[in-house]
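J.: One-letter residues, chain by chain:
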Amino acid sequence: SQTIHQWPATLVQPVGSPLSLECTVEGTSNPNLYWYRQAAGRGLQLLFYSVGIGQISSEVPQNLSASRPQDRQFILSSKKLLLSDSGFYLCAWSYGTGMYEQYFGPGTRLTVT
Amino acid sequence: KQEVTQIPAALSVPEGENLVLNCSFTDSAIYNLQWFRQDPGKGLTSLLLIQSSQREQTSGRLNASLDKSSGRSTLYIAASQPGDSATYLCAVRSGNTGKLIFGQGTTLQV
Chain A
1135 SQTIHQWPAT LVQPVGSPLS LECTVEGTSN PNLYWYRQAA GRGLQLLFYS
1185 VGIGQISSEV PQNLSASRPQ DRQFILSSKK LLLSDSGFYL CAWSYGTGMY
1235 EQYFGPGTRL TVT
Chain B
49 KQEVTQIPAA LSVPEGENLV LNCSFTDSAI YNLQWFRQDP GKGLTSLLLI
99 QSSQREQTSG RLNASLDKSS GRSTLYIAAS QPGDSATYLC AVRSGNTGKL
149 IFGQGTTLQV
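These protein sequence lines map, in sequence, to chains A and B.
If you're matching positions, the first sequence starts at 1135 in my numbering and goes up one per residue.
If you're matching positions, the second sequence starts at 49 in my numbering and goes up one per residue.
Treat the hints with care, since some could be wrong.
What the hints assert, rightly or not - Sample of chain A residues lacking proximity to chain B, with all beta carbon distances greater than 12 Å (derived):
#: 1; residue: Pro1148
#: 2; residue: Pro1152
#: 3; residue: Glu1160
#: 4; residue: Glu1193
#: 5; residue: Asn1197
#: 6; residue: Leu1216
#: 7; residue: Ser1220
#: 8; residue: Arg1243
#: 9; residue: Thr1247
Stated by the list, open to error - Covered by chain A, per the in silico footprint, the following chain B stretches (three or more residues, Cβ under 8 Å):
#: 10; segment: 78-89
#: 11; segment: 107-114
#: 12; segment: 142-156
These are calculated hints, taken from the structure and not from any lab test.
As the structure is a computational prediction, the values presented were derived from the model and not from experiment.
From the three backbone atoms N, C-alpha and C, an ideal C-beta is built for every residue, glycine too.
Make a model of the complete structure from these sequences and hints.
T.: Laid out in structure tokens, this is it:
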């Protein structure tokens, strides 16, 4: 069966510090991968998605970037965090685009102070 | 631009009651619609996926329907239990990127 992991589970970082969140998927190969953010009062919003190694598409211009160095690894980064980056970050995967179901990880709670 | 709305934002029902959660979307050109459950501080658990060509899907006490032409979906929960208390989110996939557009959710208290 497939499993999706995210770490860390929680993170408190000062403004201006760097960020690295990691997501890995087990039990499947060549998944589509997604980063979403859930911010208070704003719902869930897609940030990045990837259909393969090194292939990243950005949905929303922002202070964040994403990378996919391995088939089942997806990383969300920032060089300098802003207060507005606080939120609950969720990684998801699917077998493909279009008709496929998306499965979500446990999330990372980021608080920027 | 696709927009997804869920009404009500919160719902409280006694145990054993059957209930319906509503989801509406503005653009009927969707690939599919997915219902999720989210417990406080947790990730999303996929409940049901309805493809655009389908009218409904069932899993246990859950039944989801889709009326694409009217831009509506409902999630029916039979014989509600305290363990059903959670936030329920619906999301539609419109484009070919896999992007899900989410509603704000309905928080259910049983």
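J.: Each hint should be assessed against the structure and marked as holding or not.
T.: Hints, one by one, checked against the model:
1. Pro1148: Non-interface label stands for A:Pro1148: nearest chain B Cβ at 23 Å, farther than 12 Å.
2. Pro1152: Its Cβ never comes within 12 Å of chain B, the nearest being 24 Å, so this holds.
3. Glu1160: Holds, because the least Cβ-Cβ distance between A:Glu1160 and chain B comes to about 15 Å, which exceeds 12 Å.
4. Glu1193: 7 Å, violated
5. Asn1197: 20 Å, holds
6. Leu1216: 23 Å, holds
7. Ser1220: 15 Å, holds
8. Arg1243: 7 Å, violated
9. Thr1247: 19 Å, holds
10. 78-89: Coverage by chain A holds for the segment 78-89 of chain B (5 residues, Cβ < 8 Å).
11. 107-114: This one is violated; 0 residues, fewer than the three required, reach chain A with a Cβ under 8 Å.
12. 142-156: The restraint on the segment 142-156 of chain B holds, since 9 of its residues have a Cβ under 8 Å from chain A and three suffice.
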